[in-house]
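**Q** Spelled out from the first residue to the last, the chains are:
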Amino acid sequence: MSNRKTRPGASASASAMAAVAETMPAFEDHSKQEKHYTTCYMCACRCGIEVTVENNQVRFIKGNPNHPVNQGVLCAKGNAGIMKQNSPAKLRKPLMRKAGTERGAGEFEEVEWDDALAMLTERLRHIRETDPKKLAFFTGRDQMQALTGLWAQQFGTINWAAHGGFCSVNMAAAGLYSIGQSFWEFGDPDWERTKYFMLWGVAEDHASNPIKLGIEKIKKRGAKFVAVNPVRTGYQAVADEWVPIKPGTDAMLALSMCHVLLSRDLIDWGFLGRYTNAPFLVINHPGHSDDGLIARDEEGNPLVWDQGKNAPTNGMAPGAEASMFGEYSLPDGRQTKTVMTLIAEQYLDERYAPEKAAEVCGLDADTIERLALEMAHVAFKETIEIECEWTDWAGRKHDKFIGRPVSMHAMRGISAHSNGFQTCRALHLLQVLLGTIDVPGGHRAKAPFPRHTPPPIKPAKEMAPNTPLKSPPLGFPTSPEDLVVDDQGKPMRIDKAYSWEAPIANHGLMHMVITNAVNGDPYPIDTLILFMANMAWNSTMNTSQVRDMLREKDESGEYKLPFLVVVDAFHSETVNFADLVLPDTTYLERYDTISMLDRPISEPDSACDAIRSPVLKPDRDVRAWQEVMVDLAGRLGFPAFVDDDGKPKFSGYTDFIARWEKAPGIGFLAGWRGKEGEKSMRGEPNEKQWDKYIENQGFFQHHLPEHMRFYRHVNRDYLAWAKEVGFNPSDAPIIMELYSEVLQKFRLAGQGLYDGPLPPDDIDKERLVQYFDPLPHYYLPLEEQRVDPQEYPFHAINQRPMHMYHSWDSQNNWLRQITAQNFLFMNRAKGESLGIADESWVWVESHNGRVRVQVKLMEGCQPDTVWTWNAIGKQSGAWGLDKDAPEARKGFLMNHLISELLPKMDGNDDHERRLTNSDPITGQAAWYDLKVKITPASSDEAGTSWPQFDTMKPLPGAQPSPDQVRYSTHEPVRLKRSLMDIIKRKSL
Amino acid sequence: MHPAVSVILFTVSSGAGFGLILMAVALSLMGWVPGMGPGHTLVAILIGSVLATIGLLSSTAHLANPKNAWRAFFRFRSSWLSREGVFAVLFYPTVLVYLISLWLARDTGSLAWWGVLFGILTGLLALATVFCTGMIYASLRTIPQWNSALVPANYLLLAISSGTVILTLIAAIQGIELNVLSGLALVLLVIAGLAKLLYYIWIGKPQGPTLNTAMGITRAKIKILESGQSSRSFLNKEFSNQVPAQTVKQMRWVVYLAGFVIPAILMLIVLQTSMMVLTALAVLLLLGGLAIERWLFFVEARHVVNVFYGQ
Amino acid sequence: MKLGLVIDMDTCVGCHACVVSCKQWNTSGTLGALTDYEPYGKEPNGVAFNRVRSYEVDEYPNNKTVNMPMSCMHCETAECVTVCPTGASYKREEDGIVLVDQDKCMGCNLCSWACPYGARELDQASGTMKKCTLCVDRIYDTELPEAERQPACVLTCPSKARHFGDFDDPDSNVSVLVRERNGLQSMPELGYNPVNHYLPPRPKPNAPTHNGGQLEPLTDRFKKWLNKVVVR
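Protein chains in written order, with this note's numbering: chain A, 1 to 988; chain B, 1 to 311; chain C, 1 to 232.
Treat the hints with care, as some may be off.
Unchecked claim - Label-pair restraints from in silico Cβ distances:
id: 1; chain 1: A; residue 1: His30; chain 2: C; residue 2: Arg179; range: 30 to 40 angstroms
id: 2; chain 1: C; residue 1: Glu93; chain 2: A; residue 2: Asp29; range: 45 to 55 angstroms
id: 3; chain 1: B; residue 1: Ala149; chain 2: A; residue 2: Lys883; range: 20 to 30 angstroms
id: 4; chain 1: A; residue 1: Asn466; chain 2: C; residue 2: Val231; range: 24 to 34 angstroms
id: 5; chain 1: A; residue 1: Gln33; chain 2: C; residue 2: Glu94; range: 50 to 60 angstroms
id: 6; chain 1: C; residue 1: Glu94; chain 2: A; residue 2: Asp364; range: 20 to 30 angstroms
id: 7; chain 1: B; residue 1: Lys237; chain 2: A; residue 2: Asp950; range: 25 to 35 angstroms
id: 8; chain 1: B; residue 1: Gly39; chain 2: A; residue 2: Glu971; range: 53 to 63 angstroms
id: 9; chain 1: A; residue 1: Asp940; chain 2: B; residue 2: His2; range: 26 to 36 angstroms
id: 10; chain 1: B; residue 1: His2; chain 2: C; residue 2: Glu93; range: 49 to 59 angstroms
id: 11; chain 1: B; residue 1: His2; chain 2: A; residue 2: Asp619; range: 48 to 58 angstroms
id: 12; chain 1: A; residue 1: Asp950; chain 2: B; residue 2: Pro206; range: 49 to 59 angstroms
id: 13; chain 1: A; residue 1: Lys883; chain 2: B; residue 2: Tyr200; range: 44 to 54 angstroms
id: 14; chain 1: A; residue 1: Glu971; chain 2: B; residue 2: Ala149; range: 40 to 50 angstroms
Claimed, not checked - Below, a list of computed lysine to aspartate or glutamate pairs in the EDC-like style, where the Cα atoms sit at most 16 angstroms apart:
id: 15; chain 1: C; residue 1: Lys204; chain 2: A; residue 2: Asp631
id: 16; chain 1: C; residue 1: Lys223; chain 2: A; residue 2: Glu345
id: 17; chain 1: A; residue 1: Lys35; chain 2: C; residue 2: Glu93
id: 18; chain 1: B; residue 1: Lys223; chain 2: C; residue 2: Glu148
id: 19; chain 1: C; residue 1: Lys42; chain 2: A; residue 2: Asp963
id: 20; chain 1: A; residue 1: Lys35; chain 2: C; residue 2: Glu148
id: 21; chain 1: A; residue 1: Lys976; chain 2: A; residue 2: Asp963
id: 22; chain 1: B; residue 1: Lys221; chain 2: C; residue 2: Glu216
id: 23; chain 1: A; residue 1: Lys133; chain 2: A; residue 2: Glu345
id: 24; chain 1: A; residue 1: Lys133; chain 2: A; residue 2: Asp521
id: 25; chain 1: C; residue 1: Lys224; chain 2: A; residue 2: Asp521
id: 26; chain 1: A; residue 1: Lys217; chain 2: C; residue 2: Asp141
id: 27; chain 1: B; residue 1: Lys223; chain 2: A; residue 2: Glu241
id: 28; chain 1: B; residue 1: Lys221; chain 2: C; residue 2: Asp58
id: 29; chain 1: C; residue 1: Lys223; chain 2: A; residue 2: Asp521
id: 30; chain 1: A; residue 1: Lys984; chain 2: C; residue 2: Glu59
id: 31; chain 1: A; residue 1: Lys220; chain 2: C; residue 2: Glu43
id: 32; chain 1: C; residue 1: Lys223; chain 2: A; residue 2: Glu327
id: 33; chain 1: A; residue 1: Lys976; chain 2: C; residue 2: Glu93
id: 34; chain 1: B; residue 1: Lys237; chain 2: C; residue 2: Glu43
id: 35; chain 1: A; residue 1: Lys986; chain 2: C; residue 2: Glu76
id: 36; chain 1: C; residue 1: Lys228; chain 2: A; residue 2: Glu687
id: 37; chain 1: C; residue 1: Lys204; chain 2: A; residue 2: Asp265
id: 38; chain 1: B; residue 1: Lys223; chain 2: C; residue 2: Glu93
If you are wondering where the hints come from, they were derived from the structure by calculation, not from laboratory data.
Quick reminder that beta carbons are idealized off the backbone N, C-alpha and C, glycines included.
Construct the entire structure; sequences and hints are all you get.
**A** Structure below.
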């Protein structure tokens with residue numbers, strides 16, 4: 001079973017060890033221990049774990065060596081699962097806000113599940129019968145969006161999304177609209193083969209263990225690892241070269257590298273010409289509705305200029321001799337240019353020259369040029385080839401895969417800016433110019449990706465009482481017609497996703513929900529359900545004011561947000577604001593699916609999914625939220641969840657998972673389908689499917705045959721298989737869109753030229769024209785455009801420490817021993833030049849507010865940047881912590897400084913429409929656009945952070961947190977030293 | 001190092017006690033102090049034993065698991081702490097026999113041969129115990145400020161000088177002529193003071209491992225970024241202290257004045273005047289000064305572990 | 001045998017996985033619970049056998065961050081053993097593992113004073129000294145799969161920066177790593193002769209550049225490109 005290569009030594013020592021082993025006592029009584037295999041949930045990485053249980057307690061949590069995600073290793077969080085399971089902050093029973101008490105006062109009374117669910121069902125039934133959009137359902141870091149999305153769809157509300165809108169939608173969207181995949185769950189660097197790895201804006205996160213495993217592999221191989229990041233911690237620590245870039249300028253760096261490559265003709269022309277829209281003809285028809293669109297034939301096929309025929313021809317027809325460059329007239333007289341011509345014109349321009357980029361990025365021009373040329377060397381002089389016969393989309397046989405072993409990974413440092421979508425597209429452009437997408441050594445897709453650019457799913461718009469939505473609430477708009485706006489062009493969703501303000505908001509804008517709902521803009525709602533989202537604390541922008549909003553009442557004394565349901569497993573700051581609290585189980589107490597219909601965990605060489613199954617029985621009156629959702633769906637009579645008589649169809653979550661089909665043969669789990677479990681990926685439901693997963697250590701892995709492992713965007717066998725198993729509705733080749741016609745359509749709308757819906761407001765028109773460039777471009781992040789750089793000279797960003805990345809575990813006993821207070825880090829020389837001493841206290845002020853924090857000076861910080869560990873700060877009394885815990889008294893949230901709305905334009909009147917502080921294309925929350933000023937705090941202000949909040953009251957039935965923990969699952973079996981040995985031994 | 005009160009009390013008190021015993025045995029055997037008979041010696045040895053016992057008992061207070069203290073005698077072969085314990089324990093039967101011999105001789109004034117023998121043994125055990133105490137510290141390569149022959153030398157000198165001053169007080173109470181004792185005390189205080197001065201000069205120069213040798217990075221300046229712990233752990237509580245450098249400086253003055261200079265001046269005056277009050281004052285000042293000296297001994301000791309914390 | 005660890009400072013990213021894994025395994029291990037003090041209070045801390053610290057070498061912009069995990073080095077000249085008065089601390093003859101017999105320790109702290117690496121921590125609740133056992137209760141457990149008979153910290157390390165083996169065996173993984181990567185001891189001048197070794201950061205890999213075609217004026221470049229054709 002084991003395949004770990006590290007052995008404690010050669011055979012000589014192995015036999016010596018065996019000899020010693022015979023003299024040892026049995027330290028562990030294995031007969032009293034049971035091993036369970038499930039999936040970690042201490043962050044979003046979803047590693048496979050082996051949990052050893054003894055006396056109903058967890059003895060040890062270990063990485064599963066057979067699991068594709070983590071290959072046996074486990075991070076600090078995964079190792080701290082025991083202390084999550086034993087957290088004193090666990091919720092114990094459903095809670096209702098005490099009648100007559102104020103929301104947020106933390107006065108609750110326990111209620112029985114039956115009463116809680118009956119009450120909730122009645123409320124939801126009424127909403128569903130009258131105006132389904134009055135229910136907003138937003139989920140935090142969950143991994144069950146396929147289920148929550150289905151539930152919302154069946155309920156009939158479009159007001160559903162998960163946390164992607166404030167996390168990384170820029171990456172997902174840019175990838176899916178450009179190359180059909182993206183980073184992290186969508187694609188990975190080819191760790192086994194890459195010779196040059198560039199890491200962009202990756203705080204110590206996304207993903208956790210896979211990146212660490214990968215970095216070790218490439219370092220061992222002697223590949224170069226370059227880290228582009230304003231801060232040198234975490235992965236950057238072991239980088240061979242650190243590029244301390246100014247936050248928000250990465251697009252400039254990437255595009256300047258494109259400039260260098262173009263100016264020296266270091267381009268993979270074959271890759272560009274065959275697999276991207278580089279040779280497509282773009283209509284040059286200024287002032288008309290077709291300007292900037294791709295020229296197409298009558299069937300809608302994109303045209304290229306066939307050099308041989310000297311005529312336009314169907315670009316999707318195999319064998320066309322496509323000109324990469326040039327201006328051509330169509331038979332109807334319209335002028336066109338190839339996409340590649342536009343690319344060359346745009347990026348060879350002096351504004352992208354290294355000297356210019358150097359000023360913007362705070363780097364030197366030589367470095368920018370050298371990095372580009374180093375990558376070019378690896379791509380073109382260190383090309384690798386894998387002998388393997390494969391067939392392309394046109395049926396042409398190839399005898400090898402050609403690989404350009406340059407790879408990249410990028411995440412929040414790119415995505416959490418309001419120029420993140422275009423920045424991520426710039427990275428993809430750079431990758432494509434070097435020919436590195438889904439090739440050996442490059443950036444490889446992971447099933448179900450690649451998908452078409454973008455996948456043909458449109459966001460739901462139509463709603464009717466008691467009626468499911470026709471499509472999922474979230475999808476991929478490709479033109480203004482797809483926007484979710486009403487006849488006046490006003491937003492229809494509570495978060496204003498898919499409105500003119502955020503047209504391609506594929507993951508919604510969770511950070512706007514409370515503000516919009518309380519302002520009744522676009523409309524008031526009745527009930528907000530939050531699952532695993534700390535929206536009254538670290539998951540919201542502008543925390544203090546959002547907390548006030550949750551308490552705001554109208555003239556009649558009713559809360560503006562009438563009913564708040566919070567589903568969580570722990571006593572968080574948001575639980576404190578709930579009207580109804582539904583307590584969830586921990587990850588070790590429940591069933592779950594990690595499905596390819598959802599956020600997948602596949603590997604480049606295999607399609608994978610996994611489950612969780614209970615390792616422990618809950619010792620409290622709690623229910624897994626999945627179970628509750630299936631239960632509610634039955635009670636409310638959702639068509640997919642009831643039989644013809646209107647009776648609930650599924651006995652519970654596991655039954656639902658086993659029997660529900662999205663399309664014939666396709667369900668949440670792809671393994672062991674078919675009546676006897678004989679089918680993979682697609683097949684009839686199998687009653688024993690769960691058992692099969694449990695038997696097979698909780699995961700399923702379908703290995704792709706060798707000829708389907710690369711060039712999947714044009715790999716005929718792969719595309720056919722992907723269609724067959726339901727990844728893609730079509731087996732057409734996936735064309736990478738360097739030039740985005742979708743963006744151009746929106747830009748035309750902004751120009752008033754689009755032949756369809758047009759934005760009513762000038763501000764939207766302006767934004768569409770300015771930001772929807774069909775080619776990636778750099779622009780100053782929006783907040784920076786509106787605040788005075790002299791007054792607010794510092795960029796302020798945040799990241800999470802590796803041992804708390806993407807986790808909920810600031811309350812974890814073992815992890816808070818490592819970090820319990822966050823500091824504001826700044827460059828040492830810079831700090832000293834401002835008279836700021838190490839560990840002194842300062843005020844940090846933005847246009848939105850100020851916080852008082854303690855400073856730490858460091859070397860590895862770009863001088864114009866300050867940063868902190870996010871989400872360490874806690875409200876006093878939350879998460880089972882002492883009221884004076886450092887998290888509450890010394891830690892802080894940067895969130896107070898970040899407004900969910902952009903600052904007003906100078907001199908504008910009060911009627912200015914306030915815009916979301918988000919990417920103007922995707923609505924991605926622009927956390928890292930923040931600019932601040934820093935001034936020393938006075939000596940009597942030092943010692944405590946500000947703002948401080950009231951101490952949260954303990955919940956009914958909560959035990960006080962212990963003063964000491966001595967966790968052990970059995971009496972120790974000790975080794976004894978004999979008295980003779982003590983007396984006889986001379987020295988050691 | 002963290003200055004534990006129990007250890008300060010232990011080393012000062014047992015040091016003074018054993019020093020007193022050593023000096024009382026030596027001076028009485030040699031008969032160098034006119035008028036000092038076995039009866040007088042008996043009292044001095046008794047007082048010395050009480051002081052030593054207070055110290056030794058106090059030392060067990062810093063054991064986290066005292067029920068195993070009896071095991072401390074097993075590693076005599078390698079451990080100075082074990083040796084200290086063994087000598088300290090052997091001291092008691094020996095001193096008891098010696099005390100009996102002194103008791104028997106209190107009227108005659110002449111000590112039996114076995115009394116002389118056990119007197120010598122008592123003195124040697126007192127000496128050995130104090131030496132072992134010094135060696136416990138001096139043997140630690142982890143604490144450069146301690147890892148020196150100066151440390152046992154200091155322990156011995158401080159023990160016998162403080163013992164002699166106390167013996168002077170006892171003699172004063174007993175009404176014995178004080179010239180030899182106060183003169184000897186004066187000389188010993190000056191020698192001990194000079195030795196301590198030498199020690200302070202020696203620890204003044206930087207020494208010991210650095211982050212560079214800890215990490216194998218030869219050049220470049222290294223600073224700590226994250227200690228990996230949110231609160232002070234055992235390592236910080238045990239091995240570091242947060243005493244400001246200014247306080248350390250001031251305390252050295254106190255040590256010098258209270259521990260050496262004033263007692264020496266007082267001994268000089270006593271040499272002239274034989275004033276008991278001044279002798280008592282000298283003892284009080286000296287013990288106080290030595291307590292601070294011992295506190296500083298810990299506070300100024302910089303355990304190598306601090307290097308890893310960037311200190 | 002001379003069992004110990006090799007720790008790779010070239011790939012250690014400072015994630016603390018080893019720290020928590022160690023805590024997790026050993027709190028139910030042979031030495032008994034590793035006590036946590038004020039677990040939810042003002043100064044959370046507890047007994048740990050392994051700690052990771054991060055350092056910055058040199059100054060901006062030439063700075064490099066280096067992470068250094070530290071646990072018991074199982075020194076050949078283990079002064080912690082020499083100074084122990086009770087004999088509770090000992091170095092096993094079979095494999096060189098330094099252990100503390102919990103039934104014999106009197107909690108005098110002297111061994112921790114003698115240790116330059118901060119490897120020993122007193123457990124206030126048990127009153128005894130605790131330290132890394134090299135997972136003696138894993139590595140000899142023949143009921144575990146052979147590949148898992150390794151210290152918990154080594155098994156869990158996500159960047160494979162920790163290696164366990166026998167330094168007496170010149171062909172063992174640890175001996176080879178030390179030889180090939182110039183493994184070093186921490187504070188060798190103290191003469192403790194630690195068994196654990198650290199691998200220094202690797203030198204930067206050589207990254208040649210490809211300077212491509214000549215830098216031509218834009219119009220010339222476009223002229224050349226005009227004939228560029230790719231068969232779809």
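**Q** Could you say whether the range 20 to 30 angstroms given as a hint is met by the Cβ separation of alanine 149 of chain B and lysine 883 of chain A?
**A** violated, 53 angstroms
**Q** Is 25 to 35 angstroms respected by the C-beta to C-beta distance linking lysine 237 of chain B and aspartate 950 of chain A?
**A** holds, 33 angstroms
**Q** Confirm or reject the claim that glutamate 93 of chain C and aspartate 29 of chain A have a C-beta distance inside 45 to 55 angstroms.
**A** This hint is violated: roughly 28 angstroms between Cβ atoms.
**Q** Indicate whether the distance between the beta carbons of glycine 39 of chain B and glutamate 971 of chain A respects the range 53 to 63 angstroms.
**A** The hinted range 53 to 63 angstroms holds for glycine 39 of chain B and glutamate 971 of chain A, with Cβ atoms some 59 angstroms apart.
**Q** Is it true that the CA of lysine 228 of chain C sits at most 16 angstroms from the CA of glutamate 687 of chain A?
**A** violated, 58 angstroms
**Q** Within 16 angstroms, alpha carbon to alpha carbon, are lysine 35 of chain A and glutamate 148 of chain C?
**A** holds, 14 angstroms
**Q** Between histidine 2 of chain B and aspartate 619 of chain A, is the Cβ distance one that fits in 48 to 58 angstroms?
**A** violated, 41 angstroms
**Q** Under the criterion that the straight-line Cα-Cα distance not exceed 16 angstroms, is the pair lysine 984 of chain A, glutamate 59 of chain C satisfied?
**A** Not OK: lysine 984 of chain A and glutamate 59 of chain C at ~53 angstroms, beyond 16 angstroms, violated.
**Q** Has the given pair, lysine 223 of chain B with glutamate 148 of chain C, been kept, meaning a C-alpha gap of at most 16 angstroms?
**A** violated, 36 angstroms
**Q** For the pair supplied as a hint, lysine 986 of chain A and glutamate 76 of chain C, is the alpha-carbon distance within the 16 angstroms limit?
**A** holds, 14 angstroms
**Q** Given the range 30 to 40 angstroms, decide if the beta-carbon distance of histidine 30 of chain A to arginine 179 of chain C lies inside it.
**A** holds, 37 angstroms
**Q** Taking only the CA atoms, is the gap from lysine 221 of chain B to glutamate 216 of chain C under or equal to 16 angstroms?
**A** Given pair lysine 221 of chain B, glutamate 216 of chain C is violated - Cα atoms ~45 angstroms apart, limit 16 angstroms.
When each numbered hint is compared with the structure, violations occur for hints 2, 3, 4, 5, 6, 10, 11, 15, 17, 18, 21, 22, 23, 25, 26, 27, 29, 30, 31, 36, 37 and 38.
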